[in-house]
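J.: If you read the protein sequences in the order shown, they are chains A and B. If you count the first sequence from 1, position 245 lands on 681 in this note's numbering, and the numbers rise without skipping. If you count the second sequence from 1, position 34 lands on 470 in this note's numbering, and the numbers rise without skipping.
Fair warning: there could be bad hints in the mix.
[To be verified] For the chain B half of the interface with chain A, some residues (derived, Cβ under 8 Å), not all of them:
no.	residue
1	Ala475
2	Ala739
3	Ala752
4	Ala760
5	Leu780
Hints are computed from structural coordinates only; laboratory data are not their basis. The model shown is predicted, which means the values in this text are computed figures rather than measured ones. Where a beta carbon is used, it is the ideal one built from N, C-alpha and C, also for glycine.
2 protein chains.
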Amino acid sequence: MTASFGFKLKATDGRARLGEIETPRGRIRTPAFMPVGTAGTVKAMLPESVAATGADIVLGNTYHLMLRPGAERVARLGGLHAFMNWRRPILTDSGGFQVMSLAGLRKLTEKGVTFKSHIDGARFELTPERSMEIQRLLGSDIVMCFDECPALPADTAEVARAMRLSMRWAERSRAAFGEPTGPALFGIQQGGLDRDLRAESAERLREIGFEGYAVGGLAVGEGQAAMFGVLDYAPQMLPADKPRYLMGVGKPDDIVGAVKRGIDMMDCVLPTRSGRTGQAFTRRGVVNLKNARHADDPRPLDAGCACPACRGYSRAYLHHVLRAGEMISGMLLTWHNLQYYQDLMAEMCAAIAAGRFEAFEAGFHETRAAGDIAPT
Amino acid sequence: MTASFGFKLKATDGRARLGEIETPRGRIRTPAFMPVGTAGTVKAMLPESVAATGADIVLGNTYHLMLRPGAERVARLGGLHAFMNWRRPILTDSGGFQVMSLAGLRKLTEKGVTFKSHIDGARFELTPERSMEIQRLLGSDIVMCFDECPALPADTAEVARAMRLSMRWAERSRAAFGEPTGPALFGIQQGGLDRDLRAESAERLREIGFEGYAVGGLAVGEGQAAMFGVLDYAPQMLPADKPRYLMGVGKPDDIVGAVKRGIDMMDCVLPTRSGRTGQAFTRRGVVNLKNARHADDPRPLDAGCACPACRGYSRAYLHHVLRAGEMISGMLLTWHNLQYYQDLMAEMCAAIAAGRFEAFEAGFHETRAAGDIAPT
Numbered sequence: 437m438t439a440s441f442g443f444k445l446k447a448t449d450g451r452a453r454l455g456e457i458e459t460p461r462g463r464i465r466t467p468a469f470m471p472v473g474t475a476g477t478v479k480a481m482l483p484e485s486v487a488a489t490g491a492d493i494v495l496g497n498t499y500h501l502m503l504r505p506g507a508e509r510v511a512r513l514g515g516l517h518a519f520m521n522w523r524r525p526i527l528t529d530s531g532g533f534q535v536m537s538l539a540g541l542r543k544l545t546e547k548g549v550t551f552k553s554h555i556d557g558a559r560f561e562l563t564p565e566r567s568m569e570i571q572r573l574l575g576s577d578i579v580m581c582f583d584e585c586p587a588l589p590a591d592t593a594e595v596a597r598a599m600r601l602s603m604r605w606a607e608r609s610r611a612a613f614g615e616p617t618g619p620a621l622f623g624i625q626q627g628g629l630d631r632d633l634r635a636e637s638a639e640r641l642r643e644i645g646f647e648g649y650a651v652g653g654l655a656v657g658e659g660q661a662a663m664f665g666v667l668d669y670a671p672q673m674l675p676a677d678k679p680r681y682l683m684g685v686g687k688p689d690d691i692v693g694a695v696k697r698g699i700d701m702m703d704c705v706l707p708t709r710s711g712r713t714g715q716a717f718t719r720r721g722v723v724n725l726k727n728a729r730h731a732d733d734p735r736p737l738d739a740g741c742a743c744p745a746c747r748g749y750s751r752a753y754l755h756h757v758l759r760a761g762e763m764i765s766g767m768l769l770t771w772h773n774l775q776y777y778q779d780l781m782a783e784m785c786a787a788i789a790a791g792r793f794e795a796f797e798a799g800f801h802e803t804r805a806a807g808d809i810a811p812t
Numbered sequence: 437m438t439a440s441f442g443f444k445l446k447a448t449d450g451r452a453r454l455g456e457i458e459t460p461r462g463r464i465r466t467p468a469f470m471p472v473g474t475a476g477t478v479k480a481m482l483p484e485s486v487a488a489t490g491a492d493i494v495l496g497n498t499y500h501l502m503l504r505p506g507a508e509r510v511a512r513l514g515g516l517h518a519f520m521n522w523r524r525p526i527l528t529d530s531g532g533f534q535v536m537s538l539a540g541l542r543k544l545t546e547k548g549v550t551f552k553s554h555i556d557g558a559r560f561e562l563t564p565e566r567s568m569e570i571q572r573l574l575g576s577d578i579v580m581c582f583d584e585c586p587a588l589p590a591d592t593a594e595v596a597r598a599m600r601l602s603m604r605w606a607e608r609s610r611a612a613f614g615e616p617t618g619p620a621l622f623g624i625q626q627g628g629l630d631r632d633l634r635a636e637s638a639e640r641l642r643e644i645g646f647e648g649y650a651v652g653g654l655a656v657g658e659g660q661a662a663m664f665g666v667l668d669y670a671p672q673m674l675p676a677d678k679p680r681y682l683m684g685v686g687k688p689d690d691i692v693g694a695v696k697r698g699i700d701m702m703d704c705v706l707p708t709r710s711g712r713t714g715q716a717f718t719r720r721g722v723v724n725l726k727n728a729r730h731a732d733d734p735r736p737l738d739a740g741c742a743c744p745a746c747r748g749y750s751r752a753y754l755h756h757v758l759r760a761g762e763m764i765s766g767m768l769l770t771w772h773n774l775q776y777y778q779d780l781m782a783e784m785c786a787a788i789a790a791g792r793f794e795a796f797e798a799g800f801h802e803t804r805a806a807g808d809i810a811p812t
């Protein structure tokens, strides 16, 4: 890997941005949705199928992979790309978010976090330095700073404390990571719903300097209106010539609203997790295929979708295999949901390029408001 | 569907037979292994992946499909082929075997069997006439007679009673099915381990006349030696110019031994079921990928196999995703096992064509005896 990391802004439409991230493992068209491959697999998908949906990058989870199979083991086996047979870029999170969610099982200090594995109770420590090491062992293309992300609502003092700790950890992450020689390091803005704290965090991150910047600490219980409220200003505090990543978002309308507000990258378990429980995302809203109204419906889930689930099967079939608990239900519906998300990103890319994002957004909401096709 | 069903014997080597079954939905190369698609899906596989392994035909289960989603519903939706998106031939069993296994939940009379659904306790009746109707509604290409298959060991009088009832039901199945106008009807020889009963059953079936003949009542607890003992004579009692199907078999060495003894078709849940629990079939025997010795092994499961599991992943990865309970483990290992079974059938076809089945069989056993490759 000799080529370096880069970001090219190709067009803007309002605050929405069309761009391209260059990495040694290939380009990432932005705005990009990154499917989540928590434990070395995008659940229920083969990697070639993930690629077939149009995904340029997937996300891996430091927390899960450090516990099982272990970062040193993945490194010995040639890194995460070879291990999971995904040759395009991978972004890894820092482990911070999952570790902080362990509530009673973890202890936070200035140095880092100690916690017990949810798998076997073994004790682990995660620090900015160890997080950088793990992400390097995994072979990540985009490495995230180790941070503390408090759940909302939280009082301002607590949000400020967590943000300032995260900024000290960001500096240690940068120092441990070093200069970029292929992979990139992204800083993470914190500050909850507080504009001043967001500004302070952004300023500190810019002083340290990163290859990209995430808006962290959202989609943690605050609701869409509050999230959009922050997104109305927070991305603008970050350098315009670097990619901006909104972590853990979201539903399709969250994604459209985030892109509108200048976000370039997102990730979420929603399309994969929902696929395994029978919830399908379509242009006309969410369709719950477990519902008995689909039992005799010969029509495809979404006639406008080119995924295998929509090309080869009726709603009646999808309903049947869901009810029967057959694995093919999760396989087909995950594929469909990831295809829907990638199609949505592609439509937004085209709309920004053509300077018609506003019209796209109006059409997006109008089609959803029409609701699912009526039962036969 | 206007073309009719036919069987062409292309070569023999000892008792082993190379042939081809013609059906309106395409040819079936024999000896053939039929993956089991119980409830409208070969578990953990997309149908295009099943086809990619080289399978010409899959099996569907009358019992499961009549309960859920229901045969009339499948018919309204265009038949089982369209429903499950498998456009090649399908063989359906009669429901007899599963219903007889319900023990306390079913009642057997001359007319047929009444039983309670294992899903919701609803009461159903299955008779030769209803089984023919269900298999017609499903759109089966190869329909099986409704029969009673006793578990072994059983005393001779009980085996004789069940065989004679099955022969009366075979006559009623033939009458209800009518003459073949596309799909074929197969009779099922019964008689357990008793040569005289097998002969009586075969004679009765030949009098009635079928498009193909199954050896039933084996692989029900008698062990391989006893099964091979019956296969040394039972297939020869059936017409040489019609396909011979050994139901519910088996392990790879069962299959090789059955083909050697003149069997043309087989089915078994073993490759699919084992794939979901981490047991992989290879030329060098069964490999249990849950075993800790694979945790650091960078080598493929079987370097000689062209399936996605062997081309794209290490044993260490397969071990990891199995331990983590990830769906991709079942997807990859099912694919591998089905590929192994189809490769085995293709090798046997080539060996029969070349008149070297004996050498093939010796090599098959020799390679297995060598055992799995040593850990690194």
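J.: Hint by hint, note whether the structure agrees.
T.: Evaluation of the provided hints:
1. Hint status for Ala475 of chain B relative to chain A: holds, with the closest Cβ pair at about 5 Å, below 8 Å.
2. The criterion of a C-beta within 8 Å of any C-beta in chain A is not met by Ala739 of chain B, whose closest approach is roughly 16 Å, and the hint is violated.
3. This hint holds: Ala752 of chain B has a C-beta 5 Å from the nearest C-beta of chain A, less than the 8 Å allowed.
4. Here the hint on Ala760 of chain B is kept, as its CB sits about 5 Å from the closest CB of chain A, short of 8 Å.
5. Hint status for Leu780 of chain B: violated, given a least beta-carbon distance of 24 Å to chain A, over 8 Å.
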